[in-house]
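Visitor: Take a look at the letters that make up each chain.
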Amino acid sequence: KAGVTQTPRYLIKTRGQQVTLSCSPISGHRSVSWYQQTPGQGLQFLFEYFSETQRNKGNFPGRFSGRQFSNSRSEMNVSTLELGDSALYLCASSSLTEYLSTDTQYFGPGTRLTVL
Amino acid sequence: AQSVAQPEDQVNVAEGNPLTVKCTYSVSGNPYLFWYVQYPNRGLQFLLKYITGDNLVKGSYGFEAEFNKSQTSFHLKKPSALVSDSALYFCAVSAILTGGGNKLTFGTGTQLKVEL
Numbered sequence: 001k002a003g004v005t006q007t008p009r010y011l012i013k014t015r016g017q018q019v020t021l022s023c024s025p026i027s028g029h030r031s032v033s034w035y036q037q038t039p040g041q042g043l044q045f046l047f048e049y050f051s052e053t054q055r056n057k058g059n060f061p062g063r064f065s066g067r068q069f070s071n072s073r074s075e076m077n078v079s080t081l082e083l084g085d086s087a088l089y090l091c092a093s094s095s096l097t098e099y100l101s102t103d104t105q106y107f108g109p110g111t112r113l114t115v116l
Numbered sequence: 001a002q003s004v005a006q007p008e009d010q011v012n013v014a015e016g017n018p019l020t021v022k023c024t025y026s027v028s029g030n031p032y033l034f035w036y037v038q039y040p041n042r043g044l045q046f047l048l049k050y051i052t053g054d055n056l057v058k059g060s061y062g063f064e065a066e067f068n069k070s071q072t073s074f075h076l077k078k079p080s081a082l083v084s085d086s087a088l089y090f091c092a093v094s095a096i097l098t099g100g101g102n103k104l105t106f107g108t109g110t111q112l113k114v115e116l
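Protein chains in written order, with the working numbering: chain A, 1 to 116; chain B, 1 to 116.
If you are wondering where the hints come from, they were derived from the structure by calculation, not from laboratory data. Among the clues, some could well be false.
[Unchecked claim] Facing chain A, from chain B, some residues (calculated, C-beta under 8 Å):
hint: 1; residue: Val11
hint: 2; residue: Tyr32
hint: 3; residue: Leu44
hint: 4; residue: Ile51
hint: 5; residue: Lys58
hint: 6; residue: Gly62
hint: 7; residue: Phe63
hint: 8; residue: Lys69
hint: 9; residue: Phe90
hint: 10; residue: Ser94
hint: 11; residue: Gly101
hint: 12; residue: Lys103
Since the structure is predicted, the reported quantities are computational estimates derived from the model, not experimental observations. Note that beta-carbon positions come from the ideal geometry of N, C-alpha and C, so glycine has one too.
Take these sequences, add in the hints, and give me the full structure.
Guide: Right under this line is the structure:
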């Protein structure tokens, strides 16, 4: 099976702009999660989608949003970019059923966002 | 709330020697524990997980991890290190979320350097 794919791999934006990142999960996986990785804060959970519904959200401002499509592909959007949004954004998919917390999350290569 | 600690920012080991990367955790309820590895400019790669059962878990690329409930530890081990094992290693704990699904809480990572 093909792994998790993320596009684009690299992005450069300026403050105040908005950005959309895309994630295609492993075929058959219905759960998609997003994480932000920075040198200062490490890996932090952004949100998780299952069957087109956001089930959980981490402690991030409302400028961070996302959605999931019927084919399980997901996008995340960051509006009004700030310098501190520069990070590696990682998408992960799992074949999670509604209640299990033991399923493995498989990560994509990430999108490196630089905000100038 | 769950948390993971990786007490060593960096571990240096000579090729051919055994390696250990330490991880301790704090959770309420059953711990579901994971190890991931990250190579430069790459996403996270799943190595192994502990859900229940045998305290010694075997994973990919010759890695294994030992779960110790009394010490709340989940140390990653390999009998004979390779230079190609040099990478950033993350320990993570999974928790059920109120909305269903799970999220991973990661440690700060340990940089493993294997030298000739």
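Visitor: For the hint on Ile51/B, does the least C-beta distance to chain A fall short of 8 Å?
Guide: Holds - the Cβ of Ile51/B comes within 8 Å of chain A, reaching about 5 Å at its closest.
Visitor: Quick check on Lys69/B please, does its C-beta sit within 8 Å of some C-beta on chain A?
Guide: Cβ of Lys69/B sits 17 Å from chain A, so the hint is violated.
Visitor: Is the interface hint for Ser94/B satisfied, with its Cβ closer than 8 Å to some Cβ of chain A?
Guide: holds (5 Å)
Visitor: For the hint on Lys103/B, just tell me whether its beta-carbon gets within less than 8 Å of chain A.
Guide: Where the cut-off is 8 Å and the nearest Cβ of chain A is about 4 Å from Lys103/B, the hint holds.
Visitor: Given Phe90/B was flagged as interface, is its beta-carbon under 8 Å from a beta-carbon of chain A?
Guide: Hint on Phe90/B: holds, closest Cβ of chain A at ~7 Å, below 8 Å.
Visitor: Hint check: is the beta carbon of Gly62/B less than 8 Å from a beta carbon of chain A?
Guide: violated (19 Å)
Visitor: When the nearest CB of chain A is found for Lys58/B, is that gap smaller than 8 Å?
Guide: At 15 Å from the nearest chain A Cβ, Lys58/B fails the 8 Å test, so the hint is violated.
Visitor: Does Leu44/B pass the interface check with chain A, least Cβ-Cβ distance below 8 Å?
Guide: holds (4 Å)
Visitor: Can you verify the interface hint for Val11/B: is its Cβ closer than 8 Å to any Cβ in chain A?
Guide: violated (18 Å)
Visitor: Quick one, is the Tyr32/B hint okay against chain A at 8 Å, beta carbons?
Guide: With a minimum Cβ separation of about 5 Å from chain A (threshold 8 Å), the hint on Tyr32/B holds.
Visitor: For the restraint on Gly101/B, tell me whether the closest CB of chain A is nearer than 8 Å.
Guide: holds (5 Å)
Visitor: Per the CB criterion, is Phe63/B less than 8 Å away from chain A?
Guide: violated (15 Å)
In the structure shown, a violation is registered for the earlier hints numbered 1, 5, 6, 7 and 8, in ascending order.
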